[in-house]
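Student: Residue numbers (UniProt numbering): 1 to 336.
Hints in this document: simulated from the structure, not taken from any laboratory. Treat the hints with caution; some may be incorrect.
Said to hold, decoys possible - Pairs of lysine-lysine residues, derived as DSS-like cross-links and limited to a Cα-Cα distance of at most 30 Å, are as follows: (1) 94 with 104; (2) 173 with 94; (3) 173 with 147; (4) 147 with 104; (5) 51 with 104; (6) 147 with 51; (7) 51 with 35; (8) 147 with 94; (9) 104 with 173; (10) 104 with 35.
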Amino acid sequence: MAFSRQGQVNTDGDRGSMLLRDSLISLAIAHFGHKHSAMDIQQESYRMYGKVLRQLNEHLDLPDLRLSDCTILTCLICALRELFFPSGPNHFLKHLQGIETMLKLRGAPAAPIPLETLVILHGLRTLSIVSGMFVARPSLFAQEEWKHLQPLQLDQDGRIRHNILPILADCTKFIAARDAVLRSNDPNARRSLLRQIDNARSALDSIRTEWPTNVGLKQTRGRSLGTQMMYNATYICLLDIRQGLEPSLEYEFLRSFAVQEIISNLERLSQKPGGVNFSIIRFVVIQVALHVMGGSGTPLGRQLVRVLQGPDAAGVEIHIQGSNLLGGMGIGQIFP
1 MAFSRQGQVN TDGDRGSMLL RDSLISLAIA HFGHKHSAMD IQQESYRMYG
51 KVLRQLNEHL DLPDLRLSDC TILTCLICAL RELFFPSGPN HFLKHLQGIE
101 TMLKLRGAPA APIPLETLVI LHGLRTLSIV SGMFVARPSL FAQEEWKHLQ
151 PLQLDQDGRI RHNILPILAD CTKFIAARDA VLRSNDPNAR RSLLRQIDNA
201 RSALDSIRTE WPTNVGLKQT RGRSLGTQMM YNATYICLLD IRQGLEPSLE
251 YEFLRSFAVQ EIISNLERLS QKPGGVNFSI IRFVVIQVAL HVMGGSGTPL
301 GRQLVRVLQG PDAAGVEIHI QGSNLLGGMG IGQIFP
């Protein structure tokens, strides 16, 4: 089952759906082999994955399949596989960039968007934002026609996340614009970008007023902790971009304080049933935090990785965290 521009479910015929099935099986086999340290099973998963990639390249050359629902979903599964079990450098990002190109060619889905489509697009959006930050390129979901997806959940956390994510998507635009300003050294462009960043910070500050103030930290639900971490990840991203344009000790302090809040929330989350299990939202938060801090080799970076992976894993870069944090979760738990 998948989505079309008008929100109609279709299966693209046998070729597309069979390849999607094979990609899912390849990911499941890789997870099983990794979990049980079974090298023969892991090798079989790579053999099957290679076959999926070859067939996927063939589908991308066929007019009736290159932009089909199942082809896009197959690319997404391949991206997730590269996130959890990387076969080479930057393959995860390359898959996501390919998905963005396909979505751009298809165009934004028409409203109202069905739930199935919405779940997929929300997952793609968060992954696209991470990709945009790492390659300093605006995410597709920073464009107006893609930015304002319907919220998945209508509770308080859902509404807050719905308001935060467009600002986080805008950060990918600001990063690319910051790099352009630093290259050109244009004072007018610098002032304009600083105003945009400050406006985004003001919008983010207004979102924080929606949080309840009468709930103690011990009673905070894991989902609410995730929302707070998303807020702080967006905050440190905006501060980091601004710091590159106009360095300030105040912004440096605020950025470090927000990172400490993320670490504290992860520590509280680790004390709850289930601990710090993998989710797309936490993945984005952790990637943003480490990206801003300069990696896992910094003092705050080492502290963050210790919370995630235990005291012996402080030197492990977070780009391999998917396989470390996946645990026993199923593919259905990937999306927020």
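Student: Work down the list of hints and note, for each, if the structure agrees.
Tutor: Cross-check of the supplied hints:
1. Under the criterion of a C-alpha separation no larger than 30 Å, the hint pairing residue 94 with residue 104 is consistent with the structure, at around 15 Å.
2. A hinted pair counts as satisfied when its Cα atoms are at most 30 Å apart, and residue 173 with residue 94 qualifies at roughly 19 Å.
3. Restraint check: the Cα-Cα separation between residue 173 and residue 147 comes to about 12 Å, which is no more than 30 Å; the hinted pair holds.
4. Using a Cα cut-off of 30 Å, the hinted pair residue 147 and residue 104 holds, with the two alpha carbons roughly 13 Å apart.
5. Restraint check for residue 51 and residue 104: satisfied, since their Cα atoms lie roughly 27 Å apart, inside the 30 Å limit.
6. For a cut-off of 30 Å, the pair hint linking residue 147 to residue 51 is broken: about 35 Å separates their Cα positions.
7. For the given pair, residue 51 sits about 23 Å from residue 35 by alpha-carbon distance, which is consistent with the 30 Å threshold.
8. Note on residue 147 and residue 94: the hinted pairing holds, with a Cα-Cα distance of about 21 Å set against a maximum of 30 Å.
9. Simply put, residue 104 and residue 173 have alpha-carbon atoms about 17 Å apart, close enough for the 30 Å limit, and the pair holds.
10. At roughly 36 Å between alpha-carbon atoms, residue 104 and residue 35 are farther apart than 30 Å, so this suggested pair is violated.
When each numbered hint is compared with the structure, violations occur for hints 6 and 10.
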